[in-house]
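Peer 1: Under my numbering, the first residue of the sequence shown is numbered 424, with each subsequent residue one higher.
Don't read these hints as lab results, they were simulated from the structure. A virtual CB, placed ideally from N, CA and C, is assigned to each residue, including glycine. Keep in mind that the hints are not guaranteed to be accurate.
Claimed, not checked - Computed spacing ranges between beta-carbons, pair by pair: (1) ALA593 <-> ALA659: 55 to 61 Å; (2) PRO520 <-> ASP483: 25 to 31 Å; (3) LYS592 <-> GLY680: 44 to 50 Å; (4) PRO449 <-> GLU701: 47 to 53 Å; (5) GLU471 <-> GLU532: 44 to 50 Å; (6) SER496 <-> ARG444: 34 to 40 Å; (7) GLY491 <-> GLU471: 20 to 26 Å; (8) ARG442 <-> GLN500: 39 to 45 Å; (9) PRO658 <-> THR599: 43 to 49 Å; (10) SER496 <-> PRO520: 34 to 40 Å.
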Amino acid sequence: MPDVDVLAAVTPPDRPRGRGRQPESPPVKDAASSLGIPVLQPPTLRRESVQADLAALSPDVIVVAAYGRLLPSSVLQIPPHGCLNLHPSLLPRHRGPSPVATSILEGDETTGITLMLLDEGMDTGPLVAQREYALEGTETAGDLTDLLFNMGADLLAENLESWTRGELKAGAQDETAATVSSKLERTDGLADWMLPASTLVRQCRAFSPWPGLYTEWEGKTLKVLEAEPMGDLVPAGAGPGNVVGGASGQRLSVATGQGMLALNRVQLEGRRAVTSEEFLRGYPEIVGARLGSQETKS
424 MPDVDVLAAV
434 TPPDRPRGRG
444 RQPESPPVKD
454 AASSLGIPVL
464 QPPTLRRESV
474 QADLAALSPD
484 VIVVAAYGRL
494 LPSSVLQIPP
504 HGCLNLHPSL
514 LPRHRGPSPV
524 ATSILEGDET
534 TGITLMLLDE
544 GMDTGPLVAQ
554 REYALEGTET
564 AGDLTDLLFN
574 MGADLLAENL
584 ESWTRGELKA
594 GAQDETAATV
604 SSKLERTDGL
614 ADWMLPASTL
624 VRQCRAFSPW
634 PGLYTEWEGK
644 TLKVLEAEPM
654 GDLVPAGAGP
664 GNVVGGASGQ
674 RLSVATGQGM
684 LALNRVQLEG
694 RRAVTSEEFL
704 RGYPEIVGAR
714 LGSQETKS
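From just these sequences and the hints, can you work out the full model?
Peer 2: Dropping the structure here:
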């Protein structure tokens with residue numbers, strides 16, 4: 424690791440959480456405070472007073488990771504070596520707010536982390552360095568995000584000194600290969616049983632931890648925490664969303680638009696997460712039901 428003096432950590436303000444709506448500090452604040460690093464929590468970077476505070480620090484470079492907001496041009500111009508950003512995809516693929524989930528949803532075989540120089544666009548700046556990661560096809564978005572940003576910390580450490588010395592040159596992105604991810608919404612997690620089982624498995628992983636893949640049964644939300652495809656053969660009379668018992672009735676599975684989906688781990692609203700077998704022992708009446716907002720018994 425190069426000799427770096429971290430002047431401050433900038434993170435969003437504390438937000439009320441939980442039933443008591445007590446203020447909760449961001450993880451960055453907690454980590455920085457434990458290391459004795461000053462913390463700034465401006466509600467916006469567009470205020471002149473905030474920009475003056477940043478400029479007063481006289482940073483050589485600003486490093487951005489998952490900040491979630493575009494930096495104003497006036498902030499980009501503060502450090503002489505610019506603002507470097509860690510983005511968890513191989514840009515120009517999957518620009519935007521949900522690159523990790525989108526990589527899983529689209530079944531990418533390879534993803535990675537990008538160190539880039541920020542400009543005024545959304546992930547459009549020139550590339551400084553990249554590192555690839557071969558996907559195994561089992562990663563959740565939460566686990567993959569952690570892995571990629573750990574890779575990014577190493578990538579930053581390996582390139583920061585060379586960048587500030589002017590030994591590295593940033594290269595323009597290939598605009599013809601650019602794709603843009605969309606912001607995830609709560610409703611994205613509602614299971615569409617008309618989709619193929621393979622697509623629903625990718626959604627289960629891509630939407631973990633949020634918004635999660637979920638459906639409805641008897642007026643309650645049923646979260647699908649772990650799932651896997653069970654082949655293309657669907658029992659006669661079972662339509663998309665119909666729950667079918669597996670061997671000896673001990674495996675919870677659902678008919679989809681293409682194939683059967685095994686629900687290996689689920690959580691009913693107000694209950695703890697359980698395995699498929701545990702759920703069937705407690706709720707055997709689910710077999711034969713049709714999951715969804717208008718579920719019925721077949």
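Peer 1: All hints are to be evaluated individually against the structure, with a verdict given for each.
Peer 2: Checked hints:
Between ALA593 and ALA659 the beta carbons are some 60 Å apart, a value that agrees with the proposed interval 55 to 61 Å. Between PRO520 and ASP483, the C-beta spacing of about 28 Å keeps the proposed range 25 to 31 Å intact. For LYS592 and GLY680, the Cβ-Cβ distance of about 49 Å falls inside the hinted range of 44 to 50 Å, so the restraint holds. Between PRO449 and GLU701 the C-beta distance comes to about 36 Å, which lies outside the given range of 47 to 53 Å.
One distance hint, 44 to 50 Å for the beta-carbon pair GLU471 and GLU532, holds here, with the actual separation near 47 Å. Taking 34 to 40 Å as the suggested C-beta distance range, the pair SER496 and ARG444 conforms, at roughly 36 Å. Between GLY491 and GLU471, the C-beta spacing of about 22 Å keeps the proposed range 20 to 26 Å intact. Between ARG442 and GLN500 the CB atoms are about 44 Å apart, so this pair conforms to the stated range of 39 to 45 Å.
Between PRO658 and THR599 the Cβ separation comes to about 47 Å, which falls inside the hinted range of 43 to 49 Å. As the Cβ distance of SER496 to PRO520 is approximately 20 Å, the hint placing it in 34 to 40 Å is violated.
When held up to the earlier numbered hints, the structure conflicts with 4 and 10 and fits the remainder.
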